[in-house]
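Number of protein chains: 4
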Amino acid sequence: MNAGSNTLRVGVIGYGYWGPNLVRNFAESENTAITMIADLSAARLALAERRFPGVRTTHSATEVVTDSRVDVVAIATPVDTHFELGMQVLRAGKHLWLEKPMTETADQARILADEAERRGLVCYVDHTFVYTSAVRKIGDIMRSGDLGKLYYYDSTRINLGLFQHDVNVIADLGVHDFAILDYLMQEQPEAVSASGVNHFPGTPENLAHLTLYYGSGMLAHINVSWLSPVKVRQVLLSGSKQMIVYDDLLPSEKLKVYDSGVNFTEDPVEVQRLRVSYRTGDMWAPRLDETEALRVAVDHFADCVRTTTSPLTDAQLGVRIVELIEASNQSMRERGRCVPVGRPVVRT
Amino acid sequence: MNAGSNTLRVGVIGYGYWGPNLVRNFAESENTAITMIADLSAARLALAERRFPGVRTTHSATEVVTDSRVDVVAIATPVDTHFELGMQVLRAGKHLWLEKPMTETADQARILADEAERRGLVCYVDHTFVYTSAVRKIGDIMRSGDLGKLYYYDSTRINLGLFQHDVNVIADLGVHDFAILDYLMQEQPEAVSASGVNHFPGTPENLAHLTLYYGSGMLAHINVSWLSPVKVRQVLLSGSKQMIVYDDLLPSEKLKVYDSGVNFTEDPVEVQRLRVSYRTGDMWAPRLDETEALRVAVDHFADCVRTTTSPLTDAQLGVRIVELIEASNQSMRERGRCVPVGRPVVRT
Amino acid sequence: MNAGSNTLRVGVIGYGYWGPNLVRNFAESENTAITMIADLSAARLALAERRFPGVRTTHSATEVVTDSRVDVVAIATPVDTHFELGMQVLRAGKHLWLEKPMTETADQARILADEAERRGLVCYVDHTFVYTSAVRKIGDIMRSGDLGKLYYYDSTRINLGLFQHDVNVIADLGVHDFAILDYLMQEQPEAVSASGVNHFPGTPENLAHLTLYYGSGMLAHINVSWLSPVKVRQVLLSGSKQMIVYDDLLPSEKLKVYDSGVNFTEDPVEVQRLRVSYRTGDMWAPRLDETEALRVAVDHFADCVRTTTSPLTDAQLGVRIVELIEASNQSMRERGRCVPVGRPVVRT
Amino acid sequence: MNAGSNTLRVGVIGYGYWGPNLVRNFAESENTAITMIADLSAARLALAERRFPGVRTTHSATEVVTDSRVDVVAIATPVDTHFELGMQVLRAGKHLWLEKPMTETADQARILADEAERRGLVCYVDHTFVYTSAVRKIGDIMRSGDLGKLYYYDSTRINLGLFQHDVNVIADLGVHDFAILDYLMQEQPEAVSASGVNHFPGTPENLAHLTLYYGSGMLAHINVSWLSPVKVRQVLLSGSKQMIVYDDLLPSEKLKVYDSGVNFTEDPVEVQRLRVSYRTGDMWAPRLDETEALRVAVDHFADCVRTTTSPLTDAQLGVRIVELIEASNQSMRERGRCVPVGRPVVRT
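Chains as they are written, first to last, in numbering that gives the first Met the number 0: chain A, 0 to 347; chain B, 0 to 347; chain C, 0 to 347; chain D, 0 to 347.
Here chain A stands alone, though its shape is the one from the complex (with noise of 0.2 Å):
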């Protein structure tokens, strides 16, 4: 771990669910290097020393956000920690990685959005799945305009456990979709309608459908649960003139493009019939990039910091998950009622 000239030397404040994948790619990065973990628990600290025996250990994150030796610092705490933790970096003067979502309301995410620009220092949003080839690979096909027009997005995230007790089932991961639709759309979502239950009286809600309402006609479609007997991770994407599958457990062929579709006739004659037929052609599995997504996400942080960009999720992109966020339990607790999202933006 002799860090070059050019290395940014890293702390990271969490070291439970996520935050050993995070400094696992941190270390093995030849851009950036792991200077120190801070973590409340013992135990999590001593697996950390156990793993890393170089790297320096803390309780406290103070110690980790003042410490010289840190350029930037990424924080994998419970997310009610998020705004105070990121103010305190971006108040030291450090570029922040903060894990998803961004922070508890949409304000707090705005006044980090706003300091972090103000002070010229680079606030990443940890939304992983943007990185992933997949996704990169989707993207590409729909700007080449193979796919044609998009009809609608419907992904289903389901599985058993990891309830987790500080954010419900959308926060945890619906946020994977709100990520990758901003990457894909060239609209925002005008309103959301969402259902969800917590059957567990005190608890999050562990299950919810959301609704995405667009002007252009595209419709999302949004299942998640904590509590399905089986584990699916699929996006279906349907266009005019092709349709994907993306299967993101799949160990191989994770993507499926289908050169099928739907002809529609406006034939008067037509018209007391059926007006719509389908039509089925071959399949097409790209081959896609198999490096992990959080490196490609570590090394393009790394550049960011270095020429002081604004990285692919940036805080703007995590003020509209949130808002989104928000606007989804709204909906939710009112039993479907169509909400309008945040501030609706056509992008120029």
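Honestly, the hints are just simulated from the structure, not real lab data. Check the hints yourself; a few may be wrong.
A pair counts as met if it fits within one copy or between any two copies, since identical chains are not told apart.
Unchecked claim - Listed below are the simulated BS3-like cross-link pairs for lysine-lysine, each with C-alpha atoms no more than 27 Å apart in a straight line:
| no. | residue 1 | residue 2 |
| --- | --- | --- |
| 1 | Lys148 | Lys230 |
| 2 | Lys136 | Lys148 |
| 3 | Lys240 | Lys230 |
| 4 | Lys240 | Lys148 |
| 5 | Lys230 | Lys255 |
| 6 | Lys255 | Lys136 |
| 7 | Lys136 | Lys240 |
| 8 | Lys136 | Lys230 |
| 9 | Lys253 | Lys240 |
| 10 | Lys136 | Lys253 |
| 11 | Lys255 | Lys240 |
Assemble the complex: chain A is given as a structure, and chains B, C and D must be docked to it using the hints.
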């Protein structure tokens, strides 16, 4: 086709998509015989004659209804003809087999149900799924108490093609789940929130997502689409003790029962931490009877006619399902607003 | 069933397991019509009459062979009757459709083939797999050169049940691969090594593994079993440029073509190290025609009869396959000793 | 890495493909600690240092063997070095962990086994599959009698790539089944018939099919390949009462137990007809322990060293497996001729 004295002589009106399945099963069952087939299309009648050289054919539905050698009439025509044809059959004093959905409107369905009851005639509505060995086995498991309290029901029925022009995807595919839920649950849904879209102007909705709210807290979700690159027919049921995956496309092991679930602690010491933990156990796939569901239905219908008893899928069930379709369509038009369902009743 | 002057009038002998499929296809094709059905079992004939009310039935095979209203005879009886019945048909001057395998012994097959040739009659042997769109597509890919040099063919045909009492599992299932290989390859196998076992005394072998050696170095392996908990119908073909997986049980995407393979270096510098590296590329699943293979075969047969040309699966192919069965059985009895195959010939 | 007095201090020779897995498990187990790592490649040692900053590294195997702070030596080098390095370790009076296969020749394996026994040292051969929860569960089911008499064992281990240059595919992949069979069966195979091919001149066989004959009539078949477009790791076991499918690539439900089988009648009345019928019953997928098999093996090894007892996969098992490799290679060279296996012994 020498029908014995106990053999029900069946006239079938409509030999399009589903009619041939009806005819085949009425022909092969020892309890029924096909006497007459009506269809407006000469080509369809020619096909029927090729396959069943002895059968009489006609373009006139009325001829079937009034023929003295026809004991019961099965109607497999577009839904907008169901009410009128059904009333004709009942007025002719004959028992009635109606394809699903029962009628276009709930009002029509109620009139038809009343007419059948008044005349003491059997009115069977063909929600075939209730007669599958898989659904009956799920019912057995639920009634045995092994599943525990049902937390949710989540169904996906999607595929490419078979766009209907007379009904939308809810009335085409969603009704399967409405019928299964009616069969499995001891309660009716209170309200429904639905989102959906017709991607082609002037056609019925081809994609929809429905959430049904039950008084007990059970949540049912139904995803139906004619615009999916892959065909899926899957239902997940999660109970407090066991979980079930029902995949209707598998040639065997359609039903998988998981001894898995969630443990919930109200221990005050644990309240600050994770209050919900999961357990995974063995999986079990019961052997299922392989008799075609439609054959089971045909024999059940013949039995009901002989004994003038009410079928499992009677006119009252048909009414409830049309009411659910109406509420779903209403909610869909209002982008997910929660719409109360017809006359919510807890069965006693 | 008003057969036009060009319609071939077919008599079918044997209405057991496979006969009904023959009858259904001969009945539904516009090129053929069913005139007569023979079976020893009264129950089977009753079933035939129920399904095809107009057809004549008989217990006498001879009656079918000699009937003047029968142009061609299809034989779907146990294999030990094929030779005698087939000779009867040819001697009556009628074209012959024989179920597979052609005969019990290669000697019988050769006599039958000679008889048909001498009389100028069509002798079709029903190796149906050659008429599937999947096998024809594989043939197209191989002939196009896209696959490159074929390294191996590896087939698995296993399932539980359908134990035969007159033939072993090689003559039942292995022949499918013998026929497919005969169709795909430009060469015949030189020798075969087989292992197999009958787990139940006095019954034919119910499980076998065969290796076919080809002069080109190509190796074919065939795994057949009636004693497997799962049903598999899968063939792998690996070429120097592409690889194919053919899964016959999939409802769609039966054929997957991989732009993957192996690169081999003779670079002397690399000789000390790994000389073979692999590359993985895109995958492609061509759309396949969905016409039932047996229907394709029936129409091909009718065409051959009309034009007195030799069918794709003619008596010579039937002979080669019975020779392969004999060699395989010989090797199996000697625990895998490599047995030369009949008269290895390179086709020109 | 402060090893307690009971902690075994391990030196690992070879940090190539498998070595890192060994090191990781020796490091994370509480019973062992990594003291030293040797590899000829500077790049591999650099990687080891990055991951385990505290560990000593060297290019010299001898240094590891002779170091006084090393209690046991694990060898993960190419197989042609196993004998010499293994003898060095034993002569230094140290316990030995050897990667599979044990040695190049059976003679070497026997000498090594004798040396270990003479010196009272533990010689563990790393046939890891024996320590998987799936294989142990299969063993439990077989010993309980639930499976009945075992009819056959059929294994498929195929994938694309990882061509070895020092061993052929039998010694690479086939040995997994040799070890599993040795663990499961109460008898040794009598003879083997093998076919295989090296598609690239000057390289070891990359594809092979093996049939093992057992005195009890049990037949084992093993299909191994480095040249398959798809990756498969599947074993079928069929008994007289139950059948098992073991799919090692599934994330869950790796083991499926079918209450299915075959009924055999010797009833003389039935003799003329089908004598074998099948039954299909429920399926059951037992929950499996998810501990990594290599960790189980490491702890078992540490326990054997502490108590100087013989490991489950001891030198004798290693010898038997090298004997099987030799017989298989002999048969493969003779195109499937049945070759007797070493010294067939029924265990008592």
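### Query
Against the structure shown, which of the earlier numbered hints fail to hold, in ascending order?
none
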